[in-house]
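Trainee: The chain contents come next:
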Amino acid sequence: MTSHTSTPPRRPRPGGGRIAANVVGVVVSVLMIFPVYWMVLTAFKPGDELMTYTPHFATLHPTLSNFSRAIHAPHFGDALGNSVIIAFSTMIIALVLALLAAVAIARFRWYGRRAFIFAILVVQMVPMSALIIPLYLMLNSIDQVNKLSGVVLTYLAFVLPFSIWTLRGFVAGVPAELEEAAMVDGCTRLQAFFRIVLPLVFPGLVATSIYALIQSWNEYIMAYVLLSDQQKETLPVWLVSFVSAHGVDYGALMAGATMMALPVVVFFAIIQRHVASGLTAGAVKG
Amino acid sequence: MSASTQAPAQAAGAAPPGPAPRRRRRLAPKTIGYLLILPTVVVLAGVQGYPLVKLALLSVQDLTQRELFSGLPAPFIGLGNYAKILSDPEFFLVVLRTVAFTAANVALTLVLATVLALVMRAASRWCRLLLTVVLICVWAMPQVVSTLVFNWLFDYEFGVVNWLVGRLPGVDMNGHDWYANTISGFGVITMIVVWGAIPFVAITLYAGISQVPKELEEAARVDGANGRQIFFRVTYPILRPIYTIVTVLSVIWDFQVFNQVWVARGGRPEPQYQILGVYSFVRAFGVNEYSLGAAIAVVTVVLLLVFTVFYIRQSLRQGEID
Numbered sequence: 001m002t003s004h005t006s007t008p009p010r011r012p013r014p015g016g017g018r019i020a021a022n023v024v025g026v027v028v029s030v031l032m033i034f035p036v037y038w039m040v041l042t043a044f045k046p047g048d049e050l051m052t053y054t055p056h057f058a059t060l061h062p063t064l065s066n067f068s069r070a071i072h073a074p075h076f077g078d079a080l081g082n083s084v085i086i087a088f089s090t091m092i093i094a095l096v097l098a099l100l101a102a103v104a105i106a107r108f109r110w111y112g113r114r115a116f117i118f119a120i121l122v123v124q125m126v127p128m129s130a131l132i133i134p135l136y137l138m139l140n141s142i143d144q145v146n147k148l149s150g151v152v153l154t155y156l157a158f159v160l161p162f163s164i165w166t167l168r169g170f171v172a173g174v175p176a177e178l179e180e181a182a183m184v185d186g187c188t189r190l191q192a193f194f195r196i197v198l199p200l201v202f203p204g205l206v207a208t209s210i211y212a213l214i215q216s217w218n219e220y221i222m223a224y225v226l227l228s229d230q231q232k233e234t235l236p237v238w239l240v241s242f243v244s245a246h247g248v249d250y251g252a253l254m255a256g257a258t259m260m261a262l263p264v265v266v267f268f269a270i271i272q273r274h275v276a277s278g279l280t281a282g283a284v285k286g
Numbered sequence: 001m002s003a004s005t006q007a008p009a010q011a012a013g014a015a016p017p018g019p020a021p022r023r024r025r026r027l028a029p030k031t032i033g034y035l036l037i038l039p040t041v042v043v044l045a046g047v048q049g050y051p052l053v054k055l056a057l058l059s060v061q062d063l064t065q066r067e068l069f070s071g072l073p074a075p076f077i078g079l080g081n082y083a084k085i086l087s088d089p090e091f092f093l094v095v096l097r098t099v100a101f102t103a104a105n106v107a108l109t110l111v112l113a114t115v116l117a118l119v120m121r122a123a124s125r126w127c128r129l130l131l132t133v134v135l136i137c138v139w140a141m142p143q144v145v146s147t148l149v150f151n152w153l154f155d156y157e158f159g160v161v162n163w164l165v166g167r168l169p170g171v172d173m174n175g176h177d178w179y180a181n182t183i184s185g186f187g188v189i190t191m192i193v194v195w196g197a198i199p200f201v202a203i204t205l206y207a208g209i210s211q212v213p214k215e216l217e218e219a220a221r222v223d224g225a226n227g228r229q230i231f232f233r234v235t236y237p238i239l240r241p242i243y244t245i246v247t248v249l250s251v252i253w254d255f256q257v258f259n260q261v262w263v264a265r266g267g268r269p270e271p272q273y274q275i276l277g278v279y280s281f282v283r284a285f286g287v288n289e290y291s292l293g294a295a296i297a298v299v300t301v302v303l304l305l306v307f308t309v310f311y312i313r314q315s316l317r318q319g320e321i322d
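Protein sequence lines correspond, in order, to chains P and G.
Under full-length UniProt numbering, think of the first position of the first sequence as 1, with each following residue one higher.
Under full-length UniProt numbering, think of the first position of the second sequence as 1, with each following residue one higher.
Since the hints were derived computationally from the structure, they do not count as laboratory data.
No residue lacks a Cβ here, since even glycine has one placed at the ideal position from N, Cα and C.
What the simulated footprint calls covered on chain G by chain P, stretch by stretch (three residues with Cβ under 8 Å from a Cβ of chain P suffice, anywhere in the stretch; the number is not a length):
{"id": "1", "segment": "53-66"}
{"id": "2", "segment": "157-167"}
{"id": "3", "segment": "190-203"}
{"id": "4", "segment": "258-264"}
{"id": "5", "segment": "274-285"}
{"id": "6", "segment": "289-297"}
Mimicking SDA-like on lysine to any residue, the simulated pairs with C-alpha atoms at most 20 Å apart in a straight line are:
{"id": "7", "chain 1": "G", "residue 1": "LYS54", "chain 2": "P", "residue 2": "ALA119"}
{"id": "8", "chain 1": "G", "residue 1": "LYS30", "chain 2": "P", "residue 2": "ARG109"}
{"id": "9", "chain 1": "G", "residue 1": "LYS54", "chain 2": "P", "residue 2": "GLN144"}
{"id": "10", "chain 1": "G", "residue 1": "LYS54", "chain 2": "G", "residue 2": "LEU303"}
{"id": "11", "chain 1": "G", "residue 1": "LYS54", "chain 2": "P", "residue 2": "MET125"}
{"id": "12", "chain 1": "G", "residue 1": "LYS214", "chain 2": "P", "residue 2": "ILE19"}
{"id": "13", "chain 1": "G", "residue 1": "LYS30", "chain 2": "P", "residue 2": "THR188"}
{"id": "14", "chain 1": "G", "residue 1": "LYS30", "chain 2": "P", "residue 2": "ALA106"}
{"id": "15", "chain 1": "P", "residue 1": "LYS147", "chain 2": "G", "residue 2": "PHE285"}
{"id": "16", "chain 1": "G", "residue 1": "LYS84", "chain 2": "G", "residue 2": "VAL302"}
{"id": "17", "chain 1": "G", "residue 1": "LYS54", "chain 2": "P", "residue 2": "ILE142"}
{"id": "18", "chain 1": "G", "residue 1": "LYS54", "chain 2": "P", "residue 2": "PRO127"}
Chain G extracted, bound-state conformation:
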């Protein structure tokens, strides 16, 4: 502390040529700190901060192809884009679809990952190792690659899933196109998303569960609690902070799913497959309505923010009451 206040005073007092090299060697810690973060601050301000501001600005302008190529300033239209979106019934459909899709993905991910974490805890060492290796392999798969693989698994003509389901008595899956029906199509996409999301959640939950003292569960068992009661009354309350984290992260990720839908539909998602991320993108780059796309993106971020704040406050409050 005192060094940092001395250094500038010295520098101000000793102007003569002598102390120049010495002063460089004795930079105040504060100054070194600022110098070290400078490059990062410049990059993040340029590629994160400025675009965020620009996104908000864009959403109250009307930027089209013409302004983009002529370089003319885009006209300011206030909340016009928002009025346009909010009066569009299709937008509400997209929001509803996105919420339902996210809820299904997050619920499935959490339930399956919890089951996996419990299985990992109860299983033998070799089995736990096997599961860990499998989970890491799945986790590492690039989204684009896994979507292409699932498209091959669910291929209408030579897909292994159609063959497998077709083995059931009385089911004819010859040439069955899973994407022809929106529900089954979203079922496949949900499977891709959940499959990719399980490893992180399961490994994180397992790390948490293995911290829960076995004595607690044994004590509950001695007191006559069954497996379900032990999980919901003993394990889950201890793990609640971890559940809050993985739930918030899963919602943030699943609410803006893009790659899986985009690649599964071959880069041309039909209107009934559009969820918010895809919708905003198609609006901006498909029909060059950049401002409308920006307004949709802003609405997406605001929705996510509202959810995150609400959910975290809620779970904090629950924690206090308990």
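In isolation and in its complexed conformation, chain P is listed as follows:
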């Protein structure tokens, strides 16, 4: 190989390409992460380094004063509480409903099963913005506007299809023979489900619940339209109204933004793989 005259020009190419790719990769990484870095940095900067005409690209005096200003701003506690209530309610209800439906699709044969799967995948494509107006009017007529329960109800619609589809994969991955063996050994169908299937689909349950948590934690328009009282605001709505109410206290704003984004980033890193495959699976079938 090495004795050929044609190899020297070919050999260095992958090496040179790799170095070039690494350089581009590092530059792109720095550019892409900069907004996130700037958010966190601003959140920890002391007041005299915040609003300066020559920006400080790092700080030697990190402080928590921005966080304390954000936390003590009006309605932060309410917003945090509401967001937690909404996110966890959506998560728990979605988890139960999605698990039932996933088992129905993966384990049982019934008329209309294919149509149901098709509907689940198509529903994922319906734009949320198109449904705001009728959803608002509908919830208004059943007295669910300005209530957290109304918001949870609408979030279910946007979380369920993905959750069902993801869980279906996990349930289908558990061999039916395992369940049958348990039933032969004297388990009832329910016992077999709880003792055999449930522990095995646990990672799927984690993935779906995190997805539901993130979606309902981040959502803005529906919460903005449906919850008009300041005490009922969720975190994203609170954060946006914080800008207009307090001019531009960027330190506190970025502290609030960091507090809202940090849990999402951590949780999202855990389930990222499932989100990518779930989104494209829907598109393939739809």
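Here the structure of chain P is known, so what remains is to put chain G in place on it, guided by the hints.
Mentor: Chain G in isolation, oriented as in the chain P frame:
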């Protein structure tokens, strides 16, 4: 199959009190299936199906604040709302703006994500890991948060971007407001959208590219193809199904961008910043013309549907010819 037909027959034949508990234990698989999806069907019918029907109904009625509070039925006006929108020059402007905005976002997202995926393939392991971590961090950022952060980066007074651009010789960026000019304003919004959209597309494309056998590319290189030719003649044709998916998804998402525009303009988007999603929303909730807003939303969904069907058919056909 036979079990499911037996069960009802048994149930019909054996009416006496005895078999009741046994029958419950022996539910037909079909029945269990229906029972399991029942809650989901109820919820989805209520919060997705019914609103869709209601949206279509609303668009042929004239629902205003009066009907909303009195509870009176809204008068049926046929295609009046559609006639009103389609004869409004502003609506066409909004549609054009939305199409241009979507095209720019999708094109930029696809090109940059492709470059990133190729870089990830060519780079060393540590560099790939670094890129993956960065992409996941960016992907996880809530839209509201990232828009607020970009507003801070592009702040007219203390924004780091103004300072950076101002370092260029002969450029004075003191107090430069990026949103004062619609083009540069949409440039910033496009940056927010594309920045948030790149991770999903890049990671999906990278997953596809890493499935392409290296031998194929090497064979092409041996045959004298350059990097560009290898991508367009070898890699891209194999990845076409994945490109179709990410393109359709990107168009669907970018065509109805709302949060980024709404939050970037502080909840009061000026007329020149209105794209379809925002326009429909402002019509419905800003001036209480719910029916007009609904008609605009219907037009949006129809436009998207037409595009998606056309695009998927087109790329399927291309695939057949190749």
